Amino acid sequence: AQSVTQLDSHVSVSEGTPVLLRCNYSSSYSPSLFWYVQHPNKGLQLLLKYTSAATLVKGINGFEAEFKKSETSFHLTKPSAHMSDAAEYFCVVLGLNNAGNMLTFGGGTRLMVKP
Amino acid sequence: GAGVSQSPRYKVAKRGQDVALRCDPISGHVSLFWYQQALGQGPEFLTYFQNEAQLDKSGLPSDRFFAERPEGSVSTLKIQRTQQEDSAVYLCASSPRDRVNYGYTFGSGTRLTVV
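If you're matching them up, the sequences are chains R and B in order. Residue numbers for the first sequence, in this note's numbering: 1 to 115. Residue numbers for the second sequence, in this note's numbering: 1 to 115.
Heads up, none of these hints are tricks.
Simulated crosslink set (BS3-like; lysine-lysine; CA at most 27 Å straight-line):
| id | chain 1 | residue 1 | chain 2 | residue 2 |
| --- | --- | --- | --- | --- |
| 1 | R | Lys42 | B | Lys11 |
| 2 | R | Lys42 | B | Lys57 |
| 3 | B | Lys14 | R | Lys42 |
| 4 | R | Lys68 | R | Lys58 |
| 5 | R | Lys42 | B | Lys78 |
| 6 | B | Lys78 | B | Lys57 |
| 7 | B | Lys57 | B | Lys11 |
What the simulated footprint calls covered on chain B by chain R, stretch by stretch (three residues with Cβ under 8 Å from a Cβ of chain R suffice, anywhere in the stretch; the number is not a length):
| id | stretch |
| --- | --- |
| 8 | 44-51 |
| 9 | 100-109 |
Simulated from the structure, these hints should not be mistaken for lab results. Since the model is a prediction, treat every value here as computed from it, not as a measurement. Just so it is clear, CB atoms sit at the ideal spot from N, CA and C, and this is done for glycine as well.
Isolated chain R (complex conformation):
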């Protein structure tokens, strides 16, 4: 079984300051991990994915995430927040179930960016 825990339900930063959204996972298998972003009334958009090729993964819009197996973490970072980054962010693990594959979502982190 796999699970995902997003440690903060809300994060507030000022524009131009760094962003850190925390995610811990548990999985019986070597996981594939994703971060998705959801803007209000919009669909889920893939930010980046980890598939065991490299532990530091770069995504769109300046976001990146580092896979740390020893800490079972996959935290999302960005050096400088922009107002347009305000949205809901989901950490997602792809694992195996009886049917072959399933995405399991964390509870989400709402990022607020202050001017």
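Since the structure of chain R is provided, determine the placement of chain B on it from the hints.
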């Protein structure tokens, strides 16, 4: 098509009414998923198809929920005798066979409100 298309975008149903939600996946994508996202929550798995075969329906909350994908492309999620607790956004996602490297593409969802 260019993306995953879901219709209708919004649906208001009276309690007890039957509804049908449609998902048009990306052409050629073999895998199709349905997720339910309650307000303020992360999406939760409902069911999974590989081509026309429904390989996992363990997430369907009751026997009032039924999904089909008869020709391995368009899928319909049907909810019979809707209840207020069915109010949520219903998300559809599709992926090619190499789901790990290509990821999953989500539609914008159908927001169902049961009154």
